[in-house]
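Visitor: Sequence:
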Amino acid sequence: MSSFEQKYEEWMQANIEQAGNPRRRELLEKGLGHGSLEFLRTIWYPTVNNFDHLFPEWEVRDFHNGFRYVDLAYMPGGMKGGIEIQGYGPHARDLDVRRFKDLCWRHCLLALDGWVFLPIAYLSVKDEPERCQQLILSFIGRFVSPDLSCQLTGLEAETVRFARRVLRPFTPSELAGHLRITDRYARKLLHKLVDLELILVTNGQQRYRLYRLRN
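When we follow our numbering, the leftmost residue of the sequence shown carries the number 4, and every step to the right adds one.
Treat the hints with caution; some may be incorrect.
To be verified - Cβ pair distances, simulated, as ranges: (1) Glu29 to Tyr211: 15 to 23 Å; (2) Leu115 to Pro79: 16 to 24 Å; (3) Gly180 to Gln154: 20 to 28 Å; (4) Trp108 to Arg168: 27 to 35 Å; (5) Arg187 to Gln9: 48 to 56 Å; (6) Gly90 to Val197: 37 to 45 Å; (7) Thr156 to Gly23: 43 to 51 Å; (8) Ala17 to Glu131: 29 to 37 Å.
To be clear, the hints were calculated from the coordinates, so they are not data collected in a lab.
Where a beta carbon is used, it is the ideal one built from N, C-alpha and C, also for glycine.
Using the sequences plus the hints, can you model the full thing?
Guide: Below, the structure is given as structure tokens:
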């Protein structure tokens, strides 16, 4: 049994045992859908290496005091992040007017309730795994700070947090604007973090380098 399979089974069993609503327990006992399982196997677990603070088939109340279910809820410290893996057929090609309106209402309810919500296409999970992994790093960065060495200064630690939050390579000038420092000092910070193997250079042009978080 692989590390993923073992951790996944332990995680699912713990959620089944802790499920308070019989409907949620029934959903969990049936197992997660193919899209959610592939997302966990190929995107979440290789990126995060655990299932901490992640809850499958999480219940949320709607306007009519009924329950709706989020594929995966990420809730460190009581904060609320939701992830749904959307197949092309049921969520796009075959979506009728009623279901389309209901989907929009659902997203509105989550937003008004303070959720940071990620609808991820199953096709992206299959075709763009590295891009999805970077998305998850940025998503997690909205809620928790990475484990940083106590040797980092405040600006160095904030540089790593900034790199975790953005979804693309960034320039020293962008970092300078975020930290309110000079471009020269931003480059100095980045050079140190590259040496510490926390940040990567994404191209080799000395004057126009781009940087991103090391996965």
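Visitor: Hints first: check each against the structure and report whether it holds.
Guide: Outcome of the hint check:
| no. | hint | in the structure |
| --- | --- | --- |
| 1 | Glu29 to Tyr211: 15 to 23 Å | 55 Å, violated |
| 2 | Leu115 to Pro79: 16 to 24 Å | 21 Å, holds |
| 3 | Gly180 to Gln154: 20 to 28 Å | 26 Å, holds |
| 4 | Trp108 to Arg168: 27 to 35 Å | 29 Å, holds |
| 5 | Arg187 to Gln9: 48 to 56 Å | 49 Å, holds |
| 6 | Gly90 to Val197: 37 to 45 Å | 40 Å, holds |
| 7 | Thr156 to Gly23: 43 to 51 Å | 45 Å, holds |
| 8 | Ala17 to Glu131: 29 to 37 Å | 31 Å, holds |
In summary, the one numbered hint that this structure violates is 1.
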